[in-house]
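Whole structure, please, built from the sequences with the hints as guidance.
Residue numbers (my numbering), protein chains in the order written: chain L, 2 to 775; chain Z, 18 to 112.
All clues stand as given, with none of them false.
Taking lysine to any residue pairs in the SDA-like style, the calculated list, with each CA pair at most 25 Å apart, reads: (1) K556/L <-> E543/L; (2) K32/Z <-> L26/L; (3) K100/L <-> M18/Z.
Quick caveat, the hints were computed from the structure, so don't treat them as lab data. All figures in this text were calculated on a predicted structure; none of them were measured in a lab.
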Amino acid sequence: MNPLDRRNFLKKLALASAAATAASLVPGVVFSDWKELDVDSGDIQWRKTPCRFCGVGCGLLVGLAEGRAVAVKGDPDSAVNRGLCCVKGYHSVQSLYGKDRLKKAMVRKGDKLVEVPISEALDVVAAKMKETIAEHGKDAVSIYGSGQWTIPDGYVASKLFKGAIGTNNVEANARLCMASAVTGFLSSFGLDEPMGCYEDIDHADVFVLWGNNMAEMHPVLFSRVLDQRLKKPHIKIVDLATRTTRTSHAADHSFLFQPQTDLAIANAICHELVKNNWVDRDFVDRHVAFKTGKTDIGYGIEEHFAFSDKAAGSNWQAFVKFLEDYTPEKVEKLSGVRAEDIRYMASLYGDPSKKVVSFWCMGMNQHTRGTWINNLVYNIHLLVGKISQPGNGPFSLTGQPSACGTVREVGTLTHKLPKGVVMNAKHREFAAKIWKVPVENIDPKPSHHTVSMFRALDRGDIRFMWVQVTNPMVTMPNLKRYRDGAKKDGRFVVVSDVYPTPTTDIADVVLPAAMWIEREGFYGNSERRTQHFDQLLEPPGEAMSDTWQLIEVAKRLGYGKLFPWSYDDHIREIWNEYRQFHAGAKHEMASYEELRAKPGIMWPYVNGKETRWRYNTEHDPAADKAQGKFDFYGKKDHRAWVWMRPYEAAAESPSAEFPFWLNTGRVLEHWHTGSMTRRVPTLHRAVPKSYVEINQSDAKRLGIANGERVKLVSPRGELVLDANIGGRGEPTPGQVFVPFFDEALLINDLTLDAFCPISKQPDYKKCSVRVEKA
Amino acid sequence: MPICSYIVFPHPGKKDQLARDLDAIAGCQTQRAEGEDLLLLLTETSSKKEEKALLDRLESLRDIQCLVLSFGALDEEAPAVSAAAIGDTHESVGS
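Structural data, given as structure tokens:
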């Protein structure tokens with residue numbers, strides 16, 4: 002590119018970046034003298050890819066010049082973002098080029114990690130796996146992956162560990178981020194993943210955000226919501242949260258509630274729907290069944306905690322009786338949300354002239370009753386029949402680019418197979434046939450979910466763990482226990498990553514990974530959209546894709562015949578094999594060639610047509626029209642289940658010694674633990690370190706000034722941070738909030754490893770702390 | 018040859034005057050937000066020294082309440098990326 006073109010190009014890119022940043026700071030901002038940013042240049046080749054970061058799955062066009070990624074713009078052909086980008090998206094390619102990028106494999110020799118050729122490191126990994134299996138059995142080895150795994154990564158990991166080695170020690174960090182959404186979908190509908198799609202945003206009149214700071218966590222989708230409100234001023238946005246955020250400021254109503262009481266609020270909304278005769282009785286009679294489950298179900302804190310729920314049939318009368326405990330007045334006392342505001346929310350759901358979408362993400366999922374609160378929001382939509390139609394539906398947003406595509410669809414969780422579960426003999430037979438392994442290889446018993454797996458590593462039941470594309474030494478709750486456990490003698494940890502992290506620090510072998518567009522792959526986003534990306538760049542040094550690392554180790558373990566593909570076409574071959582699992586109208590996936598050509602395709606993809614609204618007989622080819630307008634075919638009774646789930650308290654609540662709630666979460670600028678975004682100068686400078694948000698009234702009472710050093714103390718640990726008062730977010734009185742992206746300030750040393758007994762997803766939003774001046 | 022972009026928050030009611038003042042400075046170009054006290058500022062200078070001088074000048078403008086850097090390209094031949102300070106603490110860096 003000639004210097005003048007490049008300079009012009011950079012100026013336009015700088016302006017586009019500023020506009021994206023401004024949109025994140027002031028949602029809905031418009032620039033009147035805005036000109037279409039044309040960053041085209043003859044010397045730049047633009048190639049499509051999904052974004053590397055969140056679960057929205059924006060389509061990007063990456064500009065390539067002289068073997069480097071030099072620019073990013075939103076893909077106007079992407080149905081997800083229609084050319085928009087957020088600030089992380091615009092800076093995404095810069096995260097490829099941090100100066101401390103891992104380019105060589107390393108093996109621990111004595112106290113030091115020493116660089117070795119990657120082939121030697123892979124030999125060490127395979128030898129250690131063989132040795133561990135020989136000495137301690139197949140269930141002593143494990144793999145811990147991620148919702149950032151590409152679909153081929155997760156598929157090969159599952160086939161190797163479950164199909165070849167024969168252990169169900171396969172988990173992924175998506176257990177920490179959307180497991181409650183999965184169990185919510187399964188228990189209410191019998192099948193996972195949302196029934197609707199992002200197009201619902203274009204049709205809805207009301208958006209209710211349940212503990213979801215969408216302005217920072219899903220900024221492009223939130224821009225679409227705000228854009229609709231600009232065009233249609235009658236649209237209402239309700240922010241129901243425990244903390245005032247940028248989302249609250251952009252919303253029409255901000256209702257703040259006490260942590261954990263969303264359970265009671267959802268039931269109170271149902272109470273009002275029944276009381277005011279807003280229930281769609283035709284829909285309920287035809288399509289809904291009522292169920293009860295176990296109550297007082299515990300929190301998973303005990304070492305070998307086990308729980309399984311049991312559904313019992315119930316009826317409308319019992320449901321009405323159950324709701325009597327949840328009058329708006331009673332729930333106001335518990336939640337802090339005024340009875341009139343609860344009634345207002347119920348009136349929005351209950352008004353037959355309004356189409357309503359409910360969005361949520363971590364607020365409902367990272368919850369010791371995460372499955373329950375998912376069920377309860379479905380209850381609301383089912384009672385009024387506002388589901389599976391354009392503009393009407395409950396919509397669980399995911400946090401990671403392929404939490405759906407890789408973890409939920411491939412099934413990289415201990416109990417899952419690419420289709421079905423390990424406990425089901427027919428599902429095992431089906432998997433064994435496609436994988437070409439003896440069915441006896443697949444263990445019928447799930448082993449460890451994520452928290453249990455790290456507890457097993459600490460105890461010594463697991464001796465070998467391979468971590469790919471995630472950073473558990475920052476993200477595990479009650480972190481100190483698991484860090485100390487991983488470092489014990491006799492444990493062997495392999496880490497595949499792109500940068501040094503606290504997890505590579507405790508590794509015995511570090512494998513440099515090819516990142517994102519340095520290899521070919523697929524992601525699957527929140528709306529069932531599968532997105533292919535080509536290898537656009539050469540990985541640095543000896544960096545290798547996670548998929549190929551797994552295949553190389555599989556060959557060294559003697560399983561080469563199960564992974565016979567050549568390097569040049571292994572991604573296509575893997576896709577063609579994996580796709581067989583989902584054949585049929587309920588989950589048919591597009592061909593490799595179609596996915597390669599388009600910026601993403603939603604499944605079920607039948608006869609060249611995407612299914613936008615599942616269970617709706619007009620739209621879903623798997624739905625039986627004989628069932629009426631809807632067919633909830635995930636359940637044998639073809640009905641969606643309304644569950645009676647009560648309010649139960651959190652695992653740990655504030656006390657005299659620890660009088661504050663601690664809530665943790667993310668910030669707009671940083672992706673999860675910051676290992677990539679903190680290497681992008683603009684993003685790093687914007688939020689260089691973590692902090693603790695304190696409510697202004699609490700800060701005044703404690704005599705704490707903005708920026709002052711304060712110490713947080715929980716029953717598990719302590720941490721000193723800068724106070725942030727009156728900043729971008731403000732928790733309710735009696736609560737503090739700390740972002741978790743900063744590896745130098747490990748807030749998870751303080752959090753509690755309690756989890757939802759059904760989903761096994763930990764609750765990062767609620768434990769107790771004391772606040773002191775440092 | 019630095020090219021930078023900033024989000025500029027003017028003091029209330031000063032947006033239009035500030036935009037005119039900024040546009041009058043060599044190497045500065047603004048875009049105004051509709052209905053919000055906010056500007057985008059693009060700066061283009063010929064050296065780091067010149068960029069620093071420009072930044073000092075911007076910081077002296079009384080109508081600016083807050084200035085936030087959004088994008089910076091310092092070297093035309095490579096993206097402006099560097100390791101965050103955090104990386105230097107890791108055992109594996111440079112080994």
